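Visitor: Sequence:
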Amino acid sequence: MDDVRFAESEFLVGWCAICARDVLTYPDAETAEGVQRCVHCEQRVSRLRPATGETLPEHGYDLLEEGGCGRPDCGGGKCGSRGATH
Numbered sequence: 116m117d118d119v120r121f122a123e124s125e126f127l128v129g130w131c132a133i134c135a136r137d138v139l140t141y142p143d144a145e146t147a148e149g150v151q152r153c154v155h156c157e158q159r160v161s162r163l164r165p166a167t168g169e170t171l172p173e174h175g176y177d178l179l180e181e182g183g184c185g186r187p188d189c190g191g192g193k194c195g196s197r198g199a200t201h
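Whatever position you read off the sequence shown (first residue = 1), add 115 for the working numbering.
These are calculated hints, taken from the structure and not from any lab test.
Quantities reported herein were computed from a predicted structural model and do not represent experimental measurements.
Every residue, glycine too, gets a C-beta built ideally from N, C-alpha and C.
Do not take every clue at face value.
[Said to hold, decoys possible] Restraint-style ranges between C-beta atoms, simulated for each label pair:
| # | residue 1 | residue 2 | range |
| --- | --- | --- | --- |
| 1 | Trp130 | Thr167 | 13 to 21 Å |
| 2 | Phe126 | Glu148 | 25 to 33 Å |
| 3 | Thr146 | Ala122 | 25 to 33 Å |
Please model the complete structure; the sequences and the hints are all you need to start from.
Guide: Quick look at the structure:
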């Protein structure tokens, strides 16, 4: 199975009248199929369209990655591969 890269992953965005901006959405499981809701205020969202992880910043979202070099003691300023052993 191929690894899916975040930049290529698809999300649904749309216009939220309450938030007055494009927002990420989630499917409303309790109503008719195809209804998407705002992840911030749960309002029904209109003008749905796909967005990729790569284009999410255009809609006001970004990915925060707190990764390290792969060593279990890496992170929080404790990365041994960078000589910083606090």
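Visitor: Which hints, by number, does the structure contradict?
Guide: 2
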